[in-house]
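First to last, the protein sequences are chains A and B. Residue numbers for the first sequence follow the UniProt record's numbering, beginning at 1 and rising by one. Residue numbers for the second sequence follow the UniProt record's numbering, beginning at 1 and rising by one.
Errors might be hidden in some of the hints.
[Stated by the list, open to error] Heads up, simulated DSS-like pairs for lysine-lysine below, C-alpha to C-alpha not over 30 Å straight-line:
#1 A/89 / B/84
#2 B/89 / A/89
#3 A/2 / B/9
#4 B/7 / B/89
#5 B/43 / A/89
#6 B/12 / B/55
#7 B/7 / B/84
#8 A/89 / B/55
#9 A/3 / B/55
#10 B/89 / A/84
#11 A/43 / A/89
#12 B/89 / B/36
#13 B/2 / B/84
#14 B/3 / A/55
#15 A/89 / B/36
#16 A/36 / A/3
#17 B/7 / A/84
#18 A/12 / B/36
#19 B/43 / A/12
#20 B/2 / A/9
#21 A/84 / B/36
#22 B/55 / A/2
#23 A/7 / A/55
#24 B/12 / B/36
#25 A/55 / A/12
#26 A/55 / A/43
#27 A/84 / A/2
#28 A/2 / A/55
#29 B/3 / B/55
#30 A/36 / A/89
#31 B/55 / B/7
#32 B/43 / A/7
#33 B/36 / A/55
#34 B/7 / A/36
#35 B/43 / A/55
#36 A/3 / B/84
#37 B/43 / A/43
#38 B/55 / B/9
In case anyone wonders, no lab produced these hints; they're calculated from the structure. Since this is a predicted model, take the numbers as computed values, not measurements.
Protein chains: 2
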Amino acid sequence: MKKVNLKEKLSKFSDHWNPRIVGELNGQQVKLAKLKGEFVWHKHDEEDELFYVLKGRLRMMYRDREETIEEGEFIIVPRGVEHKPVAEKEVSVMLFEPASTLNTGNTQNERTREDLDRI
Amino acid sequence: MKKVNLKEKLSKFSDHWNPRIVGELNGQQVKLAKLKGEFVWHKHDEEDELFYVLKGRLRMMYRDREETIEEGEFIIVPRGVEHKPVAEKEVSVMLFEPASTLNTGNTQNERTREDLDRI
């Protein structure tokens, strides 16, 4: 029940593509992540995923189009939809998604992060 | 799958204590609300509720203490915990909670809002 200050939490890490858990509710988790460069194509078979841009600009690629999400905007990627986040410069995002969500979705590779830290 | 700009959505309404739905995922809803003045004491028996302050300062009262949530901060009120939001000046918040959540929780009164608008 302690409040969470996002800037303070973001100051605690600097690596990219390694989400941290900052809140849990109703089986969902709130995560913070810093993104830079291109991620891998993946989808989540069972989970819808919300990306809220706190700082910077996120390019979300789909197989048939792309969208650019600016500060103060969010996007919901529905389950089953292949996507690839791209950050030309560093982006800070807040994620809302089920606790079961794996960052690389249906793929497992060197970008996969499990047992995420709670900060 | 269209992105949501929070400032643009907030510009679409001005009344207080009347949340609007701006996103849905995994049985949860993302809502925006403007708050001013005192709300009613209530609790949600089955739902945890996240308040993220977009603009202004929110005072969250519990029966035994209170907390002030500033811009860029969020708080999660766990299910079963009585709370009363108070906004001395207008506050804009983003809420994240199950689709089943009623704004007045276990109470029903003139502040209750049902069939919320999607904007």
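**Item:** Restraint status (C-alpha distance of residue 3 of chain B to residue 55 of chain B at most 30 Å)
**Value:** The hint holds at about 20 Å.
**Request:** Compare the distance between the alpha carbons of residue 89 of chain B and residue 36 of chain B with 30 Å, and conclude whether the hinted pair is satisfied.
**Result:** Between residue 89 of chain B and residue 36 of chain B the Cα gap is close to 6 Å, so the pair holds against 30 Å.
**Prompt:** Are the Cα positions of residue 12 of chain B and residue 55 of chain B separated by 30 Å at most?
**Reply:** holds (16 Å)
**Prompt:** Taken at face value, is the distance from the CA of residue 84 of chain B to the CA of residue 2 of chain B at most 30 Å?
**Reply:** violated (34 Å)
**Asked** Are residue 43 of chain A and residue 89 of chain A close enough, with their CA atoms no more than 30 Å apart?
**Response** holds (23 Å)
**Message:** Just to be careful, I want the Cα atoms of residue 2 of chain B and residue 9 of chain A compared with a cutoff of 30 Å; is the pair within it?
**Reply:** Holds, at roughly 28 Å.
**Proposed proximity, residue 84 of chain A with residue 89 of chain B (alpha carbon, max 30 Å)** = Roughly 41 Å between the alpha carbons, so the hint for residue 89 of chain B and residue 84 of chain A is violated.
**Request:** Would you mind confirming whether the straight-line C-alpha gap from residue 2 of chain A to residue 9 of chain B stays at or under 30 Å?
**Result:** holds (28 Å)
**Asked** Is the straight-line distance between the alpha-carbon of residue 43 of chain B and that of residue 7 of chain A 30 Å or less?
**Response** holds (29 Å)
**Asked** Within 30 Å, alpha carbon to alpha carbon, are residue 12 of chain B and residue 36 of chain B?
**Response** Holds - the C-alpha atoms of residue 36 of chain B and residue 12 of chain B are around 17 Å apart, at most 30 Å.
**Prompt:** Regarding the pair residue 89 of chain B and residue 89 of chain A, is the alpha-carbon distance no greater than 30 Å?
**Reply:** violated (36 Å)
**Request:** Take the C-alpha atoms of residue 89 of chain A and residue 84 of chain B, compute the straight-line distance between them, and say whether it is at most 30 Å.
**Result:** violated (41 Å)
Checked against the numbered hints given earlier, this structure breaks hints 1, 2, 5, 10, 13, 15, 18, 19, 21, 27, 35, 37; the rest are met.
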